[in-house]
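Here the protein sequences line up with chains A and B, keeping their order. Just so you know, the first sequence maps onto residues 1 to 482 in our numbering. Just so you know, the second sequence maps onto residues 1001 to 1145 in our numbering.
One or more hints might be untrue.
To be verified - Derived, one-sided and incomplete: chain A residues facing chain B with beta-carbon distance under 8 Å: (1) D267; (2) V312; (3) Y385; (4) R442.
Simulated from the structure, these hints should not be mistaken for laboratory data. A virtual CB, placed ideally from N, CA and C, is assigned to each residue, including glycine.
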Amino acid sequence: MSEIEVRKIESYLWEIPKTGEMRVPGRIFASEELMSSIRSDQSLEQVRNVACLPGVVGWSLAMPDIHWGYGFPIGGVAATNVDGGAISPGGVGYDINCGVRLARSDLVLADLEDPVRRSLIDRLYQAVPSGVGASGAIPKLSRSDLERVLVLGARWAIEQGYGDVQDLEHTEAGGRLGGADPNCVSDRAKQRGLGQVGTLGSGNHFLEVQRVSRLFDTTMADAFGLFPDQIVVMIHSGSRGLGYQICDDALKRIRPRLADFGYRLPDVQLAAAPLDSPDGQAYLAAMRCAANYAWCNRQVMLHKVREAFQHVLGIGAAKLSMRLVYDVCHNIAKIEEHELNGQRMSLCVHRKGATRAFPAGHPEVPPAYREVGQPVIVPGSMGSYSYVCAGAAGAMEKTFGSTCHGAGRKMSRTQSKKLSRGRDLIGEMEERGVVVRATGMRTVAEEMPHAYKDVADVVEVMEAAGVSHRVAELKPIGVVKG
Amino acid sequence: MTPGKFVEIDHTADVGLDLEGASPAEVLEAAQRGLTCLLMADTSDLLSDAERTVAVTGDDYPELLKAWCEELYRLLEEEGFVALESQVSSVSSEGCVGLVKGVSPPAQRLAEASELKAVTYHQLAFGRDEVAGGEVWRARVIFDV
């Protein structure tokens, strides 16, 4: 149980006062019930530690799905001043640009009755490789193609015929961050990335076929192309081995140099470099390569999903009409303009397990959504439900344009496995109406719904705080797990 | 000699190991067994039929532990080789060499392995403690999964 002093300052907002080495206070968005779960691990200590980062401004923030990570908490947001502030690879995490994309279709639940549904999930399981070191979704890249992926991101996939250009318009940052420099990526990272484009991975990554089970805002849902009982697909994955390696390379390089930078940090995993230093700039350029790789990865998976649907249902692309609603990243550091205390500032916003949530009218929101706000995809636990939300005005005032990214774990993997022992997990999911195909039962045991908070509680907090707005609830009918 | 021990740590999002042994070599060998257990769960159906020499370096003992675990995972991810037992023949704070015995199971069996994103620096520790009647080496390592 955490002994950190936390005081409630608004109905859904708590503060860790600035003490000791903290440069800013900590702020946690949570209900009473969620706060009780948050106190049970070391995540509040991590919120406090992040507040010690050089150049951090405003607050060290935690979304309601916060849980104990390494260095940064998962569900953490911290903005550092571009002028003299730090960039922290640990503030992004190993899975750089881990994110979620949601695609809508013209299908309804009745189109996927068994045995069609089961055939579809089997086909998806085959089409999108998952598990350790999975590869082979598309032919292994040449070195030169990989370097183009690192620079072009999802655009490379479109150029190869894996999707269409409209997909890019509905991807955060257009599926490509500028300033990516493959020369800053190690050979080892490149080697790991050659064969993994179009693969899901393992752990909490998944591919779900879902139905729209509830609409909260029909105007926004209409803008996002969503309607009741509609079939949609959600993909959760990231930059695979390439991204993990880039983070690890940066930590190895930066860690021994902390004293040179004059940095004293409470956790080595928070290792950071001045953003304007050669080390900071090299990490930023490499991180952007990984971000681009992840967007390309999810784009290729979407293409494979479209092919699988068309094959199993025997329909063409026009009838399927599977269009990307949006693709968001939730592990990233981005240079953004924000207003703080009445002052316009250029900030490096670290989102680790947090989603960008720009409101209506923001120039980076795609034209199709500019009147309603950026879609925010918030997956729940396997077999429960997920949410589509939209960014709201409060996000720019309170969270550097960020909101929650998922349900958030409340139970360790070890505990979850113990609770799952001896149970027919696949059978239980079937009873919930969900067909599961997984490479290993261990992951299923670790990812059962009992291990997670209720995502409904999480999105409700962010709505009450005026940060993001619920648009639709999605319930899974089939899951592919790594 | 009593072999080193490993205990899986309760960590909300990730997984980790607490390790203990009479020497640094025992701790590294325990790390191999613990890591294989985390990655593969049950290996009772697997028998060693090949071996690899693993040599890694590090600036200190914690770095060495991280490098050792990373190399064992690389064998799994890149070569499909599951380490089932290990014997560390030389170890100092700067490097170690070990003989790892294991097997490359069929792809379907290998697919059941858990993926590791990274061996993290979070709470990474490896050092000697004085205890009644001698010394014990303890370590902690947390993996991002």
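Hints versus structure:
1. D267: holds, 7 Å
2. V312: Constraint on V312(A) not satisfied, violated at 22 Å.
3. Y385: Status violated, d = 21 Å.
4. R442: Interface hint status for R442(A): holds (5 Å vs cutoff 8 Å).
The structure is inconsistent with the numbered hints 2 and 3, although it conforms to all the rest.
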